[in-house]
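K.L.:
Just need the whole structure built from these sequences, with the hints factored in.
Line by line, the protein sequences are chains R and B.
Reading the first sequence from the start, the letters are residues 29 to 261 in my numbering.
Reading the second sequence from the start, the letters are residues 29 to 261 in my numbering.
None of these hints come from the bench; they were simulated from the model.
Watch out, some of these pointers could steer you wrong.
No copy is singled out in the list; a pair is fine if it fits within one copy or between any two copies.
Stated by the list, open to error - Below, simulated SDA-like cross-link-like pairs (lysine to any residue); rule was C-alpha separation at most 25 Å, straight line:
id	residue 1	residue 2
1	LYS74	ALA175
2	LYS252	LEU160
3	LYS252	PHE42
4	LYS252	GLY71
5	LYS74	GLY179
6	LYS74	GLY45
7	LYS74	ALA162
8	LYS74	VAL163
9	LYS74	ALA165
10	LYS74	ARG177
11	LYS252	TRP155
12	LYS252	GLY93
13	LYS74	GLN46
14	LYS74	ASP112
15	LYS74	PRO225
16	LYS252	PRO158
17	LYS74	ASP109
18	LYS74	VAL32
19	LYS74	PRO161
20	LYS74	GLU94
21	LYS252	ALA69
Number of protein chains: 2
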Amino acid sequence: MQPVITAFDWVPDFARGQVRDLRVRWALEEVGQPYRVRYLAQGEQKAPPHRARQPFGQVPTYEEGELVLYESGAIVLHLADSRDGLLPDDRLGRARATEWAFAALNTVEPPIMDHAIATLFEADQPWSRPRLPAVEARIAERLGEVAARLGEREWYDGAFSAGDLLMVAVLRILRDHPLLAAQPTLAAYVARGEARPAFRRALADQLAGFTGSPPPGFAEWIAKRAARAEQLA
Amino acid sequence: MQPVITAFDWVPDFARGQVRDLRVRWALEEVGQPYRVRYLAQGEQKAPPHRARQPFGQVPTYEEGELVLYESGAIVLHLADSRDGLLPDDRLGRARATEWAFAALNTVEPPIMDHAIATLFEADQPWSRPRLPAVEARIAERLGEVAARLGEREWYDGAFSAGDLLMVAVLRILRDHPLLAAQPTLAAYVARGEARPAFRRALADQLAGFTGSPPPGFAEWIAKRAARAEQLA
Chain R
29 MQPVITAFDW VPDFARGQVR DLRVRWALEE VGQPYRVRYL AQGEQKAPPH RARQPFGQVP
89 TYEEGELVLY ESGAIVLHLA DSRDGLLPDD RLGRARATEW AFAALNTVEP PIMDHAIATL
149 FEADQPWSRP RLPAVEARIA ERLGEVAARL GEREWYDGAF SAGDLLMVAV LRILRDHPLL
209 AAQPTLAAYV ARGEARPAFR RALADQLAGF TGSPPPGFAE WIAKRAARAE QLA
Chain B
29 MQPVITAFDW VPDFARGQVR DLRVRWALEE VGQPYRVRYL AQGEQKAPPH RARQPFGQVP
89 TYEEGELVLY ESGAIVLHLA DSRDGLLPDD RLGRARATEW AFAALNTVEP PIMDHAIATL
149 FEADQPWSRP RLPAVEARIA ERLGEVAARL GEREWYDGAF SAGDLLMVAV LRILRDHPLL
209 AAQPTLAAYV ARGEARPAFR RALADQLAGF TGSPPPGFAE WIAKRAARAE QLA
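P.N.:
Written as structure tokens, this is what we have:
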């Protein structure tokens, strides 16, 4: 019985290669675990059957026998805990990998997602543009600290771990943004992560899964939002 | 050899009972592990000796023999993993407790901390007040989802776990805010957590540790910020 994850059958361009099921696909590829995907059409994620799997109406989820799990961080750690390849064997090494995982998801990701909200979802709100420098300053401070701790090492603590997987996944939300380019060691760290065969398979599979259609009115919504954002510029 | 954590010797009133070492103190009390505290004076958290322990210049850290750990989520899970009392014995139960821990720190805490930034640290910025309804709407949505998933249960999945500890710690950042009061089952869940003897000891010990002095100019900074916020009101 292969585990089953959930993913969207369509997202806007800016979210392709970023939806959180990528993190779980990557972990599954790293540990060599074949899996199946249940694709959700537009709106299905907020309907009761999926809410029963995922209380926040998001993806991914992970189903394996009687286990139904959500939160990509928890799923990645569960895979790392139950298969070889993403965590060291010793308790200290496991604690350090977990520390990097939480640094990614609780310290580095919140300001980066704040930036994504300001530039993507609330770009047409009058407060977004004046506030952006403060948001970018918070990200720049965090990236400098991550770079200082990583130093010249290939991975955080010896071999590639679940912590590296999650930190690379968080940092690459910034893609080609100058904030990431300003930290060459981090840009190189992200590139190393993205060069892993397991990552490349996971990304290709996520992208290949977007075979669905946008919700009615999506093109109009995008156009209207862009026009409002331009007025404010 | 008792483990050693770090904590601040002074924080402003609004942060007392909220600084993240509380989460680790609470976990230590739950598992019955005595510990010592290294208090940091103003500014010490950003100086090189502490940065060597904590790359982001924050508290808490956790030192035990050769292990030096940061990120309160990772420390709490490490304590839960290495002592009895905060995680079930079976792998499925452990995965579910970890899922709730990540829901707390990666899904629920970011909008709540966004609110704290807007109302405490950036209250005097012109964008904070107009943006607040959008931030509060995000929190309200998340709280409704947490309440729906928790239902009438005492704890998330049977016995109190590291997941409950972290979720209660995140929800109580809102304290008496109407957003929390609007979800009576969550307010009661927080009250149950705060009534635990281990929590009460942890809170009393954190509060008793604030014996230091504010940084020079702190009172003037607070007064100036309040005046600017009032102008914008």
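K.L.:
Which earlier hints turn out false for this structure, listed by number in ascending order?
P.N.:
Those not satisfied are hints 12, 14, 15, 17.
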